[in-house]
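Here is what each chain is made of, one letter per residue.
2 protein chains.
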Amino acid sequence: MQMRLKPIGVVQNEFVEAVPKGWETALHRLVLDAQWAPALEGIEGFSHLYVLFWLHGIHGEIKLHVHPEDRQDLPEVGIFATRTPRRPNPIGLEVVELVSREGSVLTVRGLDALNGSPVLDVKPYLPRGDAVPGARTPEWLRKLWE
Amino acid sequence: MQMRLKPIGVVQNEFVEAVPKGWETALHRLVLDAQWAPALEGIEGFSHLYVLFWLHGIHGEIKLHVHPEDRQDLPEVGIFATRTPRRPNPIGLEVVELVSREGSVLTVRGLDALNGSPVLDVKPYLPRGDAVPGARTPEWLRKLWE
Chain S
901 MQMRLKPIGV VQNEFVEAVP KGWETALHRL VLDAQWAPAL EGIEGFSHLY
951 VLFWLHGIHG EIKLHVHPED RQDLPEVGIF ATRTPRRPNP IGLEVVELVS
1001 REGSVLTVRG LDALNGSPVL DVKPYLPRGD AVPGARTPEW LRKLWE
Chain W
901 MQMRLKPIGV VQNEFVEAVP KGWETALHRL VLDAQWAPAL EGIEGFSHLY
951 VLFWLHGIHG EIKLHVHPED RQDLPEVGIF ATRTPRRPNP IGLEVVELVS
1001 REGSVLTVRG LDALNGSPVL DVKPYLPRGD AVPGARTPEW LRKLWE
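Protein chains in written order, with our numbering: chain S, 901 to 1046; chain W, 901 to 1046.
One thing to keep in mind: the hints can contain errors.
Note that identical chains are pooled: a pair holds if it fits in a single copy or bridges any two copies.
Unchecked claim - With a straight-line cut-off of 20 Å between C-alpha atoms, the simulated SDA-like cross-links for lysine to any residue are: (1) 906 to 1015; (2) 1043 to 959; (3) 963 to 1045; (4) 1043 to 970; (5) 906 to 990; (6) 1043 to 1018; (7) 906 to 1046; (8) 906 to 956; (9) 906 to 993; (10) 1043 to 941; (11) 963 to 942; (12) 1043 to 969; (13) 1043 to 907; (14) 906 to 988; (15) 906 to 955; (16) 1043 to 1003; (17) 963 to 983; (18) 906 to 1038.
Hints in this document: simulated from the structure, not taken from any laboratory.
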């Protein structure tokens, strides 16, 4: 089975290389191809969205284990137990706040993507199902978030 | 830029065609290729995961608008305002509960995928960021959930 993706648009922001801080509050533009403007109709009814994008800045070999966020004081875990961008299929996933839409351009807050990242999909965030506030996480994550 | 995906495994369940009910409570097996067993180490620390999979049962033309879940009494909206599987890039996304892991096989609950769907990625669910219980949704969605 061939599984090929086509970009539906591109991320525009100020981030040209990975930086550890500032993504959460910055504004980002998802500039979709003009043909998709009708496909966004009604999206303003949602305050939050999922954005799927291609991690185009990622190259090289995929390891099986990593220290979360390169923190050597945290235990090595399997890559699928982390959100590392170095994954077999480099698809980035973020919950973002939808700030506004103009035609085929969405302005969002809370995206951890580099400028120029191809946008693959935009999905509405449905709190029934998507919001699991009590989800359990491992001890090392609490250390990371301190 | 070439964006090609490779399956990391396959969904095994009882659903051979789309059905409206029963996905939420059924158990599903994500049978990853054996090489990925080490990459799953530590994932048991999370109660919930994101699963990204290829919507391999979807063929034909992509419309720009749909009635949500084919409900003619609901307004037509753009496809990106819905979770319809008929999308430019047919990537399915679900939050699932991780029930158990044995080697490279995950048993999960809450997956809306057909048997045989290629698995693309598994990511840990991080409530800080991923859980937005107060996210706003449009009026038609409340009607759908009644």
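Checked hints:
| no. | hint | in the structure |
| --- | --- | --- |
| 1 | 906 to 1015 | within (17 Å within a copy, 25 Å between copies) |
| 2 | 1043 to 959 | neither (28 Å within a copy, 45 Å between copies) |
| 3 | 963 to 1045 | neither (24 Å within a copy, 42 Å between copies) |
| 4 | 1043 to 970 | within (13 Å within a copy, 46 Å between copies) |
| 5 | 906 to 990 | both (14 Å within a copy, 10 Å between copies) |
| 6 | 1043 to 1018 | neither (32 Å within a copy, 34 Å between copies) |
| 7 | 906 to 1046 | neither (39 Å within a copy, 36 Å between copies) |
| 8 | 906 to 956 | both (13 Å within a copy, 16 Å between copies) |
| 9 | 906 to 993 | both (16 Å within a copy, 17 Å between copies) |
| 10 | 1043 to 941 | between (41 Å within a copy, 18 Å between copies) |
| 11 | 963 to 942 | between (41 Å within a copy, 15 Å between copies) |
| 12 | 1043 to 969 | within (12 Å within a copy, 42 Å between copies) |
| 13 | 1043 to 907 | neither (36 Å within a copy, 33 Å between copies) |
| 14 | 906 to 988 | both (18 Å within a copy, 8 Å between copies) |
| 15 | 906 to 955 | both (13 Å within a copy, 15 Å between copies) |
| 16 | 1043 to 1003 | neither (42 Å within a copy, 27 Å between copies) |
| 17 | 963 to 983 | within (13 Å within a copy, 32 Å between copies) |
| 18 | 906 to 1038 | neither (36 Å within a copy, 29 Å between copies) |
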